[in-house]
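*Asks:* Residue strings, one per chain:
There are 2 protein chains.
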Amino acid sequence: MNSKPALTLAPVHDIIARRWSCRAFDAAKTVSREQILSLLEAAHWAPSCFGDEPWRFIVWDKNSDRAAWEQAFGCLVEWNQNWVKNAPVLLLVTANSLFRKNGQPNRWGQYDAGAAAENLCVQAVALGLMAHQMGGFDEAKLRETYAIPAQYACMAMIAVGYQAEETVLNDELKQLETAPRERSPLGVLFFENGWNQPVKTE
Amino acid sequence: MNSKPALTLAPVHDIIARRWSCRAFDAAKTVSREQILSLLEAAHWAPSCFGDEPWRFIVWDKNSDRAAWEQAFGCLVEWNQNWVKNAPVLLLVTANSLFRKNGQPNRWGQYDAGAAAENLCVQAVALGLMAHQMGGFDEAKLRETYAIPAQYACMAMIAVGYQAEETVLNDELKQLETAPRERSPLGVLFFENGWNQPVKTE
Chain A
1421 MNSKPALTLA
1431 PVHDIIARRW
1441 SCRAFDAAKT
1451 VSREQILSLL
1461 EAAHWAPSCF
1471 GDEPWRFIVW
1481 DKNSDRAAWE
1491 QAFGCLVEWN
1501 QNWVKNAPVL
1511 LLVTANSLFR
1521 KNGQPNRWGQ
1531 YDAGAAAENL
1541 CVQAVALGLM
1551 AHQMGGFDEA
1561 KLRETYAIPA
1571 QYACMAMIAV
1581 GYQAEETVLN
1591 DELKQLETAP
1601 RERSPLGVLF
1611 FENGWNQPVK
1621 TE
Chain B
1421 MNSKPALTLA
1431 PVHDIIARRW
1441 SCRAFDAAKT
1451 VSREQILSLL
1461 EAAHWAPSCF
1471 GDEPWRFIVW
1481 DKNSDRAAWE
1491 QAFGCLVEWN
1501 QNWVKNAPVL
1511 LLVTANSLFR
1521 KNGQPNRWGQ
1531 YDAGAAAENL
1541 CVQAVALGLM
1551 AHQMGGFDEA
1561 KLRETYAIPA
1571 QYACMAMIAV
1581 GYQAEETVLN
1591 DELKQLETAP
1601 RERSPLGVLF
1611 FENGWNQPVK
1621 TE
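Going down the list, the sequences are from chains A and B.
Going by our numbering, the first sequence opens with residue 1421, and the numbers climb by one from there.
Going by our numbering, the second sequence opens with residue 1421, and the numbers climb by one from there.
Treat the hints with care, as some may be off.
Identical copies go unnamed one by one, so any copy, or any two together, can satisfy a pair.
As the list claims (entries may be wrong) - Here are the simulated SDA-like pairs of lysine to any residue, each with C-alpha atoms no more than 20 angstroms apart in a straight line:
#: 1; residue 1: 1620; residue 2: 1453
#: 2; residue 1: 1521; residue 2: 1606
#: 3; residue 1: 1424; residue 2: 1470
#: 4; residue 1: 1620; residue 2: 1548
#: 5; residue 1: 1505; residue 2: 1421
#: 6; residue 1: 1521; residue 2: 1609
#: 7; residue 1: 1521; residue 2: 1605
#: 8; residue 1: 1521; residue 2: 1486
#: 9; residue 1: 1449; residue 2: 1520
#: 10; residue 1: 1561; residue 2: 1593
#: 11; residue 1: 1505; residue 2: 1447
Hint data in this document are derived by calculation from the structure and do not stem from the laboratory.
Please read all numbers here as calculations on a predicted model, not as lab measurements.
Only chain A is shown next, with the shape it has when bound in the complex (with noise of 0.2 angstroms):
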């Protein structure tokens, strides 16, 4: 199995260096509903302007509904669905635009989506499982398929399950799935006390 931890200047926590986004997945471990459950509130309590909650989410799970996730798995492209069939989860990450307090536009609904995405991910390493974001779906289907309001922005769709070996691959998803993982350097990203001022390291 390839672990590939984040080569750090300074130890982060395991569940947040250990997070990747692989490829490979089991197709015959499923995932439990305590465990999708877990996966759900770790999102749910990620923070949020004014406490506005802008994320909604929708998760199919083969295991309890396999046609339903057949359909999720439909509006998907087919670049993603060549690996994605083997994982037994499927989520749909939305944004709201407005506040639901006053129907105001909410700049920070994609960011805090972001956030909840992020801590479903991180969750799900903890639990001995990986999820993997994709931008590559159809929004249109989507959004006809499941009459998402206009108001919700998709911003991503999730596939998570038990990480297998690469072998489970086909050969041109095999090499990335062996590949390293890379960021830029640190100080590209991260500034300290002005733009571009990269941060200093000791």
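The hints should help you fit chain B onto chain A, whose structure is shown.
*Replies:* The following block gives chain B in isolation, referenced to the frame of chain A:
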């Protein structure tokens, strides 16, 4: 100290369940350089669409440059200044609206920046610290003071430090600090198989 762990239908990892946006910070305790790097590395290893890393953070450490910290503090609204004055570390989170690789609009810029910031907040709990994100800042002042390019949206400022007893707060803030954390019922935000169909909890 007010602990307030999330009340959940299924267990959630401690560093997610114990994260909340406290306002009582200990002005006497500094955050070490190693801790600051650990916080930034947690953000750095968040996922992003096409691996574009659309976030840019600025950090201000009162302990290493007080004047710089005060300049950033001056960009907060007065309500937040009332309690942020005790927090030793401040950050700004910005989101790139364009992909680095081709300059095209990135519809996931803010979503991904929210994920990176949440990783930082969860890592803070792992380090025994607390992180509180704020939308209450003067964006025009930030943009002018730090010459932030137009393509980057200022999404949040974050106060980080060690938690203190609520006695360090004024009466109005003290009440907020001891009030219970609240969330909508899970099924209002988390659906199963279709829009507005509450997730099955058993």
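*Asks:* Indicate, hint by hint, whether the structure satisfies it.
*Replies:* Status of each hint after checking the structure:
no., hint, in the structure
1, 1620 <-> 1453, "between (45 angstroms within a copy, 8 angstroms between copies)"
2, 1521 <-> 1606, "between (39 angstroms within a copy, 18 angstroms between copies)"
3, 1424 <-> 1470, "between (37 angstroms within a copy, 18 angstroms between copies)"
4, 1620 <-> 1548, "neither (35 angstroms within a copy, 22 angstroms between copies)"
5, 1505 <-> 1421, "within (19 angstroms within a copy, 47 angstroms between copies)"
6, 1521 <-> 1609, "between (35 angstroms within a copy, 15 angstroms between copies)"
7, 1521 <-> 1605, "between (41 angstroms within a copy, 16 angstroms between copies)"
8, 1521 <-> 1486, "neither (36 angstroms within a copy, 39 angstroms between copies)"
9, 1449 <-> 1520, "neither (38 angstroms within a copy, 38 angstroms between copies)"
10, 1561 <-> 1593, "neither (26 angstroms within a copy, 46 angstroms between copies)"
11, 1505 <-> 1447, "within (8 angstroms within a copy, 52 angstroms between copies)"
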